[in-house]
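Engineer: Spelled out, the chains give:
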Amino acid sequence: MKARKPPTLRLALLLGLLGASTTLALDAGGFGYTKSVETIIRTEPRALAPAVGRLGYHKKVKIDQSKGLWLRVSDGPLSGWVFSGSLSDTMPPEVKGTDGLPLNASQTTASAAPRPLTPEAEAYASRRNLGFARNDLNWLQSQCRGLNPAEVENYLQTQKKGEYQ
Amino acid sequence: MSARTLLVLLLAAGAAAIAAAQFDFLKQAVDKLKTGNTPAPTQQQSDTVSAVGQIFKGAAGIGPKEEHDIGDSVALEIVGKYGGLVRDAAALHRVNVIGRTLARYSDRPELNWRFGVLNSESVNAFSAPDGWVFITHGLYSLARNDDALAGILGHEIAHVTGRHALKIVEGTTFMSGLAGLAAARSSDVRAVDSQLQQFDLGIGKIASSILEKGYSPETEYEADRNGRHLAQITGYAPGGLRGVLTYLQQHGGDSKATFSTHPPLRDRLKRLPDEPAPKI
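Residue numbers (numbering that gives the first Met the number 0), protein chains in the order written: chain A, 0 to 164; chain B, 0 to 279.
Hints in this document: simulated from the structure, not taken from any laboratory.
Be careful, since some hints might not be right.
Covered by chain A, per the in silico footprint, the following chain B stretches (three or more residues, Cβ under 8 Å) [as the list claims (entries may be wrong)]:
no.	segment
1	81-87
2	101-112
3	194-201
4	226-239
5	272-278
Glycine is no exception: its CB is placed at the ideal position from the N, C-alpha and C atoms.
Please put together the full structure from these sequences, using the hints given.
Structural biologist: Next comes the structure, spelled out in structure tokens:
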């Protein structure tokens, strides 16, 4: 027979848990936050289900239900399914643009495209005699520019990763 | 009141104090963000900084521009120290496809993520702010299956999303208005030199932490934990990193050439769940 924990011990454990962590798990009854410029909410818990709506960055949503790696969320009248990896359990930076985020989805391509090293870094490379490292990083940037986002999407689908699991 | 009850109440009070301190800390951080309040600059600094309308920034105040500058400069130091990059198109494609797949579900999916292979046969991996991730050729050669590679890259992505490198310069003043100053007061040679010196010192501090001393063990365990979770939610075997660490341990990997900037392999393995690991 299991010994029942006295109420004071339970209270202490509860307070201990509160003290140990202020993060919230992504689970039914809790909340999640969008972390991308655009998060698609779908009619069913699968990657290719029709979209019922799209949410912008830093939106707090209520989690109504979980099913495997999918969460049924609601934001006012909008309700539907989102892949759990698309939400964060902690609030992202409040100020739009903290991560260099574009203000809307149409600006995504320009913002996320690999850019040259900043002038400050270029100057740093000169001061520190890191010319060969600068050339290598610029080469890496150019190679990354050549990687089409569609290739990553195709990899996700064929290898059954992310929301395609 | 029994001694046990008293002990329980003391524990509860301690926990409540911790919680209160956390909330107070959070409140202070939010207030700081709202008001931009930071330690008062010296007169000379104040003059220099106000000239370009900048304020001192800690990690919480490091914006995208500063993160680009820091990230690029730290990446230069990493590539410089580890013999440059391997210009192998197939390897580069593989690390970038798997890396970006993971990054998509990280807490900072919109960062400009770039993954490179360092021309070194030592076994290690590094990251720099703003989405730079590097794996040595020695470690890349061991990560023949995608689960293992995802475990390694997930750990480094966790360092970036956790802003671990930026926290090293938290509260320091080295980023104060560098860009604006250089542009606006290029004739003020002494002031510009001083700012450049501060910048170089700050980058040196981060580079030394990443490349020589390593992060604190707690920071590394956090990156192990969060990287494992990221790999798992993305659809890779969660034991990928465990597989690599186990292989290295079994092959005498606790040497200076193996994860020299990380805690001992046995300590990392002890903290990871005991779960099936893909064969290396």
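Engineer: Next step is simple, just say for each hint if it's right about the structure.
Structural biologist: Going down the list of hints, with the structure as the test:
no. : hint    : result
1   : 81-87   : holds (count 3)
2   : 101-112 : holds (count 8)
3   : 194-201 : holds (count 3)
4   : 226-239 : holds (count 4)
5   : 272-278 : violated (count 0)
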